[in-house]
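*Asks:* One-letter residues, chain by chain:
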Amino acid sequence: MSFQRTYAIVLRVFYLMRGSFTRVFPLFAWSAIDIILWGFITRYLNSVAQSNFNFVSTLLGAVLMWDFFTRVMYGVTTSFFEDVWARNFLNIFASPLKIPEYLTGLVLASILTSAFGLVIMVLIATFLFGLSLFSYGILLIPFILVLFLFGIALGIVAISVVLRLGPAAEWFVWPIPSVLAPLAAVFYPVATLPSWLQPLARLLPPSYVFEGMRAVVAGHSEPIGLLLIGGAIAVADIFLASWLFKAMFSHAVRTGLIARYSAESTT
Amino acid sequence: MQSNSPANNSKDVQSAKTVLTLRDICKNYGETRAVDNISFSAQHNEIVGLLGPNGAGKTTTINMILGVLAPTSGSITIDDIDIAKQRSKALERTNFAAVYAPMPGNLTVAQNLRIFGMLYSVANLSARIEEMLEAFDLKHFRNTRCGVLSSGEQTRAGLAKALINRPTLLLMDEPTASLDPSAARDIRERIVNYARDNAVGVLWTSHNMYEVTDVCSRVLFLSKGKILIEGDPKLLPEEHGKSSLEELFVTVAREPLSIRETEAA
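Top line first, the protein sequences correspond to chains A and B.
Residue numbering for the first sequence follows the numbering used here, starting at 1 and increasing by one per position.
Residue numbering for the second sequence follows the numbering used here, starting at 268 and increasing by one per position.
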């Protein structure tokens with residue numbers, strides 16, 4: 001592993017961000033709108049529910065965490081898309097850059113961009129709607145970590161799909177968080193799902209995070225076990241996703257797709 | 268340099284000064300054989316022309332040397348490093364410029380050179396970037412995005428990227444395509460001077476036979492994935508009864524069988 005080559009991938013993203021409002025704006029804009037929308041919804045629900053249930057901590061907190069997960073995933077995919085959009089595959093992959101260095105660079109770039117989005121979301125949720133992330137206690141750290149790891153894994157799976165199917169497959173990537181949200185127990189417990197869907201939800205690390213968040217808000221015992229399971233699945237997913245990308249890259253080198261990527265197929 | 272022409276044996280292609288060796292390389296796309304059992308090598312301080320009509324297998328060969336396309340069979344070594352086994356190490360000694368692979372247009376010249384310099388682990392990178400900007404008259408364009416440069420300027424920027432890591436093997440895929448004659452001559456001179464001063468091996472493809480005659484010490488003619496003939500571009504036309512390299516090229520493209528018969532005789 002060469003840190004310099006990994007850093008080159010991160011630096012490239014920084015250069016692009018620095019000179020481009022259109023790249024910086026989406027890092028926080030859509031998430032901020034989400035937080036504002038759900039902030040008002042939860043405020044309204046708190047006023048009409050007439051119970052001790054705190055919608056801000058549960059629903060708004062969940063939306064914030066889900067948006068963070070989404071930003072992590074998009075952070076990986078967007079950095080990869082920069083090479084697709086600039087038709088830069090030949091230059092990048094004909095260099096000494098190794099696949100682990102490339103993926104690590106995408107992950108580091110994602111940390112920077114998603115952290116920026118997270119800070120903006122937290123500021124809005126805290127100062128406009130009174131959400132206190134400290135209400136989750138020290139467990140906030142593993143909550144974020146598990147979502148981060150799964151966001152990375154899903155991002156790598158997404159770019160593997162695009163590498164295999166061509167630039168147009170980008171449109172498969174953007175809806176992935178929306179497709180997963182119903183199964184990830186973001187807004188309701190896994191038990192709400194039909195029994196035949198629940199095993200699928202249990203395969204998704206975010207479901208353990210959001211079940212854990214609800215348990216903390218409800219004052220139940222600390223969901224350490226849930227988080228360990230979610231974390232283990234997320235780590236395994238990262239290994240599987242990295243293997244998938246490497247396999248897709250080998251396929252692209254074998255078939256000539258890297259050199260003729262815009263053609264989407266060599267057959 | 269030797270080829271897989273009848274006079275040569277692929278086992279004898281390597282020597283102490285060899286920078287590039289291809290042994291029995293084949294590339295199949297399904298039922299189609301794009302490159303058909305070619306073997307050749309290139310020495311340090313040698314500019315080798317890879318010629319042939321469109322679809323002959325030139326770019327496929329270059330892509331295999333660059334490690335972005337895996338051969339179906341055969342091996343490629345750069346400075347005795349097998350690219351299939353030590354891809355990253357082999358590519359550290361290589362670089363390329365091609366009109367179809369411009370640097371990202373949304374980064375400036377200096378930014379691109381820094382990124383690629385880091386990817387190629389260039390020591391004292393800032394000083395090397397300055398050298399390249401100076402050598403290719405790019406100082407004024409240091410902070411200009413590559414996408415807004417003219418064709419000639421983009422070619423010079425691409426060459427600066429191609430030389431930033433002081434490669435021992437340089438792959439030039441039609442480096443002067445789309446340039447006016449004056450800019451093309453300028454680019455040719457820069458590459459030739461660099462290759463001469465640094466004992467670099469260069470593999471050069473072009474459809475400009477004047478250019479090939481001017482810069483290449485040896486050429487390989489590819490047709491339908493095979494090396495048909497090889498030799499000194501200044502002598503080859505006469506050896507095959509043609510008045511110029513261009514006429515020989517046209518014959519290779521239109522009547523490759525007649526060339527095979529001449530070679531066999």
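For the record, the hints were derived by calculation from the structure and aren't laboratory data.
All residues carry an ideal CB built from backbone N, CA and C; glycine is no exception.
There's no promise every hint is true.
As the list claims (entries may be wrong) - One-sided excerpt, in silico: chain A residues whose CB lies under 8 Å from chain B: (1) Y7; (2) F25; (3) L90.
*Asks:* Each of the hints needs a verdict: does it hold here or not?
*Replies:* Status of the hints after comparison with the structure:
no. : hint : result
1   : Y7   : 6 Å, holds
2   : F25  : 16 Å, violated
3   : L90  : 4 Å, holds
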